[in-house]
Amino acid sequence: MKYSYYPGCTLRTKAEILNRYALASAKALGIELEEVENWQCCGGMYTASTDEIATKLASVRALAQARDAGCDLVTLCSACFNVIKRVNEDARTNENFITKVNNYMAPDMEYHGETNVLHFLEVLRDVIGFDELKKKVVNPLTGRKIGAYYGCLLLRPGEVMQLDDPENPKVLEEFIRAIGATPVLYGQRNECCGGYQTLNEKSIAVQRSSAVVESALSQGAECLITACPLCRYNLAVNAAPQIPVYYFTELLAEALGVKEVAENGN
Amino acid sequence: MAIDREMILQISGVNPKLCMKCGKCSGTCPAYDGMEYHPHQFVSMVENANLEPLLASESLYTCLSCMACIQRCPRQVEPAKLIEAVRLAVIRQQGCDHLLPDELPALLDPELPQQAIVTAFRKYKK
Numbered sequence: 001m002k003y004s005y006y007p008g009c010t011l012r013t014k015a016e017i018l019n020r021y022a023l024a025s026a027k028a029l030g031i032e033l034e035e036v037e038n039w040q041c042c043g044g045m046y047t048a049s050t051d052e053i054a055t056k057l058a059s060v061r062a063l064a065q066a067r068d069a070g071c072d073l074v075t076l077c078s079a080c081f082n083v084i085k086r087v088n089e090d091a092r093t094n095e096n097f098i099t100k101v102n103n104y105m106a107p108d109m110e111y112h113g114e115t116n117v118l119h120f121l122e123v124l125r126d127v128i129g130f131d132e133l134k135k136k137v138v139n140p141l142t143g144r145k146i147g148a149y150y151g152c153l154l155l156r157p158g159e160v161m162q163l164d165d166p167e168n169p170k171v172l173e174e175f176i177r178a179i180g181a182t183p184v185l186y187g188q189r190n191e192c193c194g195g196y197q198t199l200n201e202k203s204i205a206v207q208r209s210s211a212v213v214e215s216a217l218s219q220g221a222e223c224l225i226t227a228c229p230l231c232r233y234n235l236a237v238n239a240a241p242q243i244p245v246y247y248f249t250e251l252l253a254e255a256l257g258v259k260e261v262a263e264n265g266n
Numbered sequence: 267m268a269i270d271r272e273m274i275l276q277i278s279g280v281n282p283k284l285c286m287k288c289g290k291c292s293g294t295c296p297a298y299d300g301m302e303y304h305p306h307q308f309v310s311m312v313e314n315a316n317l318e319p320l321l322a323s324e325s326l327y328t329c330l331s332c333m334a335c336i337q338r339c340p341r342q343v344e345p346a347k348l349i350e351a352v353r354l355a356v357i358r359q360q361g362c363d364h365l366l367p368d369e370l371p372a373l374l375d376p377e378l379p380q381q382a383i384v385t386a387f388r389k390y391k392k
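Residue numbers (this note's numbering), protein chains in the order written: chain H, 1 to 266; chain Z, 267 to 392.
Do not take every clue at face value.
Which bits of chain Z does chain H cover? Going by a derived footprint, with three or more residues having C-beta under 8 Å, they are [said to hold, decoys possible]:
(1) 291-302
(2) 306-320
(3) 323-330
(4) 352-360
No lab work stands behind these hints: they were computed from the structure.
We treat Cβ as the ideally placed atom computed from N, Cα and C, and that holds for glycine.
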């Protein structure tokens, strides 16, 4: 199974481990992730307006490259997934938008929304299948009580993202079960961590991330997992109560027995 | 170009007339406590062309873009799109950026992901 892969800016730098654990796990599962050449940063946040073109070009270029490679485009970072999937929806459904976009594209790269955008979690759930994943687990994380933190960007807006039910998601809980651990449900799992307000108004990020961690602790979670580097930062650094926060790919790599391989280079 | 109601409606693509004033947007807003004007007020103030207070308010920059109000609005008004449109109308004016590169070094810490920086610039700077 071969996919085009868009790592995004943070997976090259502060969240390199999110990337490394994912690549090692993908290899163990027989999934080939071929990085899009010369990808550019998605911008981290989709601009919800009718007239923004330039801020969406990086996404369209990555989507067009995946189309030309004949592959679905896979992302790992929740923000990249949100931006690229929503831009793709614009490209598919908004003729005015894509006409203007194509005026900026190279003549042979005209794009009309042909590519399918997937989060790596969807590959695990819909292509591998959680039952199959369970069979490939060599180190089940038995007894670990794990809270899934979805945040905003994986789920909303639900009509476009289509990853899961935006108000009652279960993909991460199913993932936790597949690697042998016990999911812990808590109320704040799909409420905002404070996001980029850590730079503008830190008290909001502190208040939001603390509320998430308190909610998870109150239901007995011993650690949290997330797909988003900024969520991980807020929950680990800005929240007042302490709880270990991991990328979901770290626990995947651990369960598949490839954690050391990932840490020592693929 | 003067910022007026028509401009905000055009940038946002929102129809505030759909609002039935249930208040669910503000009820679910995780940044509510930090806002001078709340999501439901953005909807009614834009509808009533009462833009001056919004243009000058810090609330433009407090929205988390978490899309809770967009997802949960029972009338698909999508208030965060109005907040985004007012913010864009302001920062698209020359000299009206809310975050400048020179201000950044003082805000950094070694663990901060790049994602926070690019997102903040996308929201606050043109």
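Report the numbers of all earlier hints that the structure fails to satisfy, in ascending order.
2, 4
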